[in-house]
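Number of protein chains: 2
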Amino acid sequence: MTDTIERSTASGAAATSSTSGDLHVDSAALAEVLFARWADARKHSRELLRRDEFHQIPGLSVAEHRLRVSGQLTRLVEEGVVHRAFPIALGGEEDHGANIASFEELVIGDPSMQIKSGVQWGLFGAAVMHLGTQRAHEQFLPSIMSLATPGAFAMTESGHGSDVAAIGTTATYDPATDEFVIDTPFRNAWKDYLGNAAKDGQAAVVFAQLIVSGVNHGVHALYVPIRDGRDFLPGIGGEDDGLKGGLNGIDNGRLHFTGVRVPRTNLLNRYGDVDENGVYSSPIESPGRRFFTMVGTLVQGRVSLDGAATVASKLALTIAIRYAAERRQFADGASDGEVVLLDYQRHQRRLLPRLATTYAMSFAHDQLLEKFHGVFSGEQDTDDDRQDLETLAASLKPFSTWSALDTIQEAREACGGNGFLAENRFTQLRADLDIYATFEGDNNILLQLVAKRLLTDYARRLAKPDAAAIAAYAGQQAGAALGRSGLRALGQKIADFGSTARSIGNVRGEAAQRQLLTDRVETMVAAIAGRLKNAGSLPAVEAAALFNENQNELIEAAYAHAELLEWEAFSERLAVIEHEDNRKVLTWLRDLFGFTLIEKHLAWYLINGRLSASRAAAITDYIDDRLLPRLRPHAVALTDAFQFAPEHLRAPIATGVELVRQDEARAYYAAQKAAGTAPVEEKVLAKQKKKAAKG
Amino acid sequence: MTDTIERSTASGAAATSSTSGDLHVDSAALAEVLFARWADARKHSRELLRRDEFHQIPGLSVAEHRLRVSGQLTRLVEEGVVHRAFPIALGGEEDHGANIASFEELVIGDPSMQIKSGVQWGLFGAAVMHLGTQRAHEQFLPSIMSLATPGAFAMTESGHGSDVAAIGTTATYDPATDEFVIDTPFRNAWKDYLGNAAKDGQAAVVFAQLIVSGVNHGVHALYVPIRDGRDFLPGIGGEDDGLKGGLNGIDNGRLHFTGVRVPRTNLLNRYGDVDENGVYSSPIESPGRRFFTMVGTLVQGRVSLDGAATVASKLALTIAIRYAAERRQFADGASDGEVVLLDYQRHQRRLLPRLATTYAMSFAHDQLLEKFHGVFSGEQDTDDDRQDLETLAASLKPFSTWSALDTIQEAREACGGNGFLAENRFTQLRADLDIYATFEGDNNILLQLVAKRLLTDYARRLAKPDAAAIAAYAGQQAGAALGRSGLRALGQKIADFGSTARSIGNVRGEAAQRQLLTDRVETMVAAIAGRLKNAGSLPAVEAAALFNENQNELIEAAYAHAELLEWEAFSERLAVIEHEDNRKVLTWLRDLFGFTLIEKHLAWYLINGRLSASRAAAITDYIDDRLLPRLRPHAVALTDAFQFAPEHLRAPIATGVELVRQDEARAYYAAQKAAGTAPVEEKVLAKQKKKAAKG
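First to last, the protein sequences are chains X and B.
When we follow numbering that gives the first Met the number 0, the leftmost residue of the first sequence carries the number 0, and every step to the right adds one.
When we follow numbering that gives the first Met the number 0, the leftmost residue of the second sequence carries the number 0, and every step to the right adds one.
Please note that a few of the clues may not be correct.
One copy or any two copies: either way a pair holds, since identical chains are not told apart in the list.
Straight-line distance between alpha carbons at most 30 Å, and here's what the computed DSSO-like set of lysine-lysine pairs gives [to be verified]:
1) Lys672 to Lys688
2) Lys583 to Lys599
3) Lys693 to Lys672
4) Lys599 to Lys451
5) Lys451 to Lys42
6) Lys532 to Lys451
7) Lys686 to Lys532
8) Lys672 to Lys689
9) Lys583 to Lys42
10) Lys451 to Lys686
11) Lys686 to Lys672
12) Lys682 to Lys672
13) Lys693 to Lys583
14) Lys451 to Lys672
15) Lys672 to Lys690
No lab work stands behind these hints: they were computed from the structure.
On a predicted model such as this, the values are computed, not experimentally measured, just so you know.
Model the full assembly from the supplied sequences, consistent with the hints where possible.
In structure tokens:
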């Protein structure tokens, strides 16, 4: 068997093919699969991102970095990449999928540039667009789009992040002047962590408890000018959040308001309005549903973080795998040569399952983006669609942001000291992405939301929530419940498949992987539902305690659900890959993803009788003895399919320099040997002497 | 049951007690247990570290940070904290344990200051001390100790880090001038990642292949002047490693040598010397053993990283647990109040097992430091002692450095946006400690070393390494093998205990935990030994392949061994805690550590028939339902026992500010309610209207 890798860099972007035995992976063809529906938007961003001007410069001071990123935003406006989602009437394209796709790629240039763009157009601008009506669109959007008015998205407060409904800021209607008066009643109600608040922001969308005639109508958003140039407007104050663990190109800060007045028409009034007589009205009667609808329109932050985390993982793995395929350490025990890192089983174990996870993230994100586009384009925009979109985003974002941190860190460690040098990208990428795990929804809180949704859907099927009913429904209905939430309809397949895999053969197949992953989610949800079934009849304190006693497992169930979604997305995509060898190698990669998940939760499968001990052990053997060796020859080609140009990677260790240096070292020793000037090793000399003494 | 926490900060350092039910934890008493044998040295460092001058200033430029740290090193000399290990004749104290203990604490001030001190006195200076003889001590140590000569430890090269024996730099003896000539033959032989090399270093201990009369005697160390002030000496060149992921207060860089001449007597000649006639001699005949002996003298780097990682974990957990005990989010469902984060089960699951791990790290490190002190003081310095010290260090350093990164990250996420602000310490601490996982021995490589040691010890017991012999030995001898390596003699205890726990009662006890953890290590080692038993009779290529096929499990076995050592150290310490309630709470914490380890490896216990499914499930329940609720009231007191003063913590969220702000918010709402000015909630109003319409 000969393994070969060929690289053509004529296009600038990497494009290799790998051949192992009869199998030939075509990276360029695979790249098109990965670029998916909004390939043009992604490629447009990638092309821009080859320019120095959009690159992060490591080691800038906070002030310099902020200035640079502000300038980059201006350039992004000029390049026309940030208006795709806005109304056509205002110069936008109303293309929500393309907008997010091109936005996610910005992480390649500098995550600060990405997130600051997100603040301006994805949060501040999107809030005006989605929570405002034509009046606000015409009045505020043009200068937001052009960046004439940089703005903050003033939702989070020092005291309340995850629990937005409990924020303290108030907007009180004053009929005397037909204005709203914005107030910060105490320190913990200061708006906090807001991008654009410390320096650049000229206005903000401020979320506040809307009080009209002594009635609190709950959280609403208002457009509030905050600065005139560099100075705060009267009644407004703030602080700089200062140095952060990453994303220091963004000027995060705090804001507070004391009797700040804005016209009544500055209320973003799509879901709640006050008329000229001071009367409040809303198209959504329930204050609770109204709140969740408003917050739900802002889901794009979570969607795009899922995609950006995926891009960052691809970047880190490309660098680490290229290096691992060249770097050698320790003699190979046979010749004079040394072993390539990627030939070590442990190194494969460290990098290849994470490569599989990254492919899953990419395919799952495509589905999320399709769903997002469907809802926001109006093509598929029912209440169910919106709920499913939220659940999907709340599932995938924790999975991908945590996976990205894990992958970048493993990649950094796999490159040793080289991995710690800023020039090789890992450390800054990880530092910048750290916060992705807790902003736009803390990952643990998001998973709890998903879990509650799964439980609710499950309970909805039960006429009477008693134990017998739950037990009866556990087998057939859990799948339907997931189906109802628009995610997957799996119950049938499971029933057909039987409850325990009986041979390694059927453990290995796609159907077995699906069964094992699905069954775990359903059984966990059913078990928790069973334990919570009487919560409704308990006093509030006891019900809360009962819920809390199940909180950890609840979140684990939601994570299992996210893992299933990722695996499903990977499997579904296999079906549409036309290139036969690509499909074959990607099937192994999907299997590696699936088996790695199953291996991680092996204890659960054993405890619950889903796998026998020998089948369980066979899974680890199958990963180590079959999948890793099969995938190893294609590892570089699988990262080349991510199509990063050298200007995207910007990591010296990903350029082939290590190979050049090793060739130089080998040539030195070979020349020495040929010239007869190589010193003899002491131990060799000792052996020779011993032999001579004997003879 | 009433839980109370009292804090007295009269001493500056925190000292609380927690009372829950009948149980009273005394933090101050516990602190003395944690400070352990070299408490005075630790407290001396802690006292110094309260001063601003030793604190990291977040956000400095690389140049400013380097300058500050260089200045701090001068101050450390003046304060007399960095000479404890050096010869008494030269003004040192020859107190190796105290030296490391006080050094580890420096991480509190700034990890850059810690590691740069480590470079100067723990690597550069220690190499002269341990590899040189009196001649070098008298000639070089005084100016190293005084910092008159800052120096680099030039071992690692761009091409070889883990495989030091394969470095390319040469030191060739020139009999004509009685000098050594140092050369860098190719780019990958440049010395790399060296602290003090980019700027401050005036000399270096250079590791090179020692070539005398055409014979290569292997890697030896030489003292080589490299700079005169700011300029490199002739024949020497170098580069700055530039910005790194952390530790930017250290001037890491590269060095290369072209025909650089030093006197013959600059060879550090304890383990290999060249006399005035140009004849090489060594007290250690085997070049292999000589190399490992020389490298072995430099174990203190690994020892101190283990300790520093433990201190950093304590710091992160103190900040996160204090915040978690004050911060509230989401209504409690019963009253008007909100739930304290640390009352959430998930939050307990995130922080308390890591607190248990940190206690284990602290106690295990004490044992490592005792061993280190025994060897280097000469009190217990046999070949076996040295080997055991190396194995212990190579086991604990990976465990603690990875655990520290995991703990700091979880602590950061547990504090949300606040955790991402530099002022709260987590992000910089994590960035600085990142490299601890791969320097002074890459964690994976160290574990592989340990695994080989375990295998060797195991195989040594076998007269003939055939399958039957291995099977026969598996039960009785694996324990003895570990015992021989000076780590633990456990075989006997296991034999007494039987092979499967039969009730939750005996799964819960200390003996059961010990059996489960020990059994796993021994069985894994025996199984791998069985698979490798014929490796000796295979061709080299096939033997290497066979070894590689077991590499992942081999490293996992070494990690299991490290976990066992950590657990044993925790358990042994329990026996000497006199304060009854402290011992009781720490026993729960040890149980949490043990059960968390067992839970992590539950699949192994199930597959190998060590636990039944119901017993396995009971372990998770026991953690969630018993241990976490029992420990929760004492969590703050358990971190107060780490005794960090506010000047050590330097994190606003650890100061109680959150509680003050919440009180302010509550007071605001209470006053509003009392005055009758609180707005009525829309949904409450709607209910009232509905009621009125009905009535």
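Hint check results:
Within a single copy, Lys672 and Lys688 get their C-alpha atoms as close as 21 Å, which meets the 30 Å cut-off; across copies the closest is 98 Å, which misses it. In this assembly of identical chains, the alpha carbons of Lys583 and Lys599 lie at most 30 Å apart only when taken from the same copy (24 Å versus 33 Å across copies). In the homo-oligomer, the alpha carbons of Lys693 and Lys672 lie at most 30 Å apart inside one protomer (28 Å), although the nearest pairing across protomers, at 103 Å, exceeds that limit. Within a single copy, Lys599 and Lys451 get their C-alpha atoms as close as 24 Å, and across copies as close as 26 Å, so both meet the 30 Å cut-off.
Taking CA atoms no more than 30 Å apart as the test, Lys451 paired with Lys42 passes in neither setting, with 38 Å inside one copy and 49 Å between copies. In this assembly of identical chains, the alpha carbons of Lys532 and Lys451 lie at most 30 Å apart only when taken from the same copy (13 Å versus 53 Å across copies). For a Cα distance limit of 30 Å, the shortest separation of Lys686 from Lys532 across copies, 27 Å, qualifies, whereas the shortest one inside one copy, 78 Å, does not. Proximity of Lys672 and Lys689 under a CA criterion of 30 Å is satisfied intra-copy only: 24 Å inside one chain copy versus 98 Å between copies.
Only within a single protomer do Lys583 and Lys42 lie at most 30 Å apart by alpha-carbon distance; the minimum there is 26 Å, versus 62 Å between protomers. Proximity of Lys451 and Lys686 under a CA criterion of 30 Å is satisfied inter-copy only: 26 Å between copies versus 73 Å inside one chain copy. When the C-alpha separation of Lys686 and Lys672 is checked against a cutoff of 30 Å, the pair qualifies only within one copy, where the shortest distance is 20 Å, while the shortest distance between copies is 94 Å. Taking the closest pair of Cα atoms, Lys682 and Lys672 come within 30 Å of each other only inside a single copy of the chain (18 Å); across copies the shortest separation is 88 Å, beyond that limit.
Neither within a single protomer nor between protomers do Lys693 and Lys583 lie at most 30 Å apart by alpha-carbon distance, with minima of 60 Å and 68 Å respectively. For the homomeric pair Lys451 and Lys672, neither the shortest alpha-carbon distance inside one copy (71 Å) nor that between copies (33 Å) is at most 30 Å. In the homo-oligomer, the alpha carbons of Lys672 and Lys690 lie at most 30 Å apart inside one protomer (23 Å), although the nearest pairing across protomers, at 100 Å, exceeds that limit.
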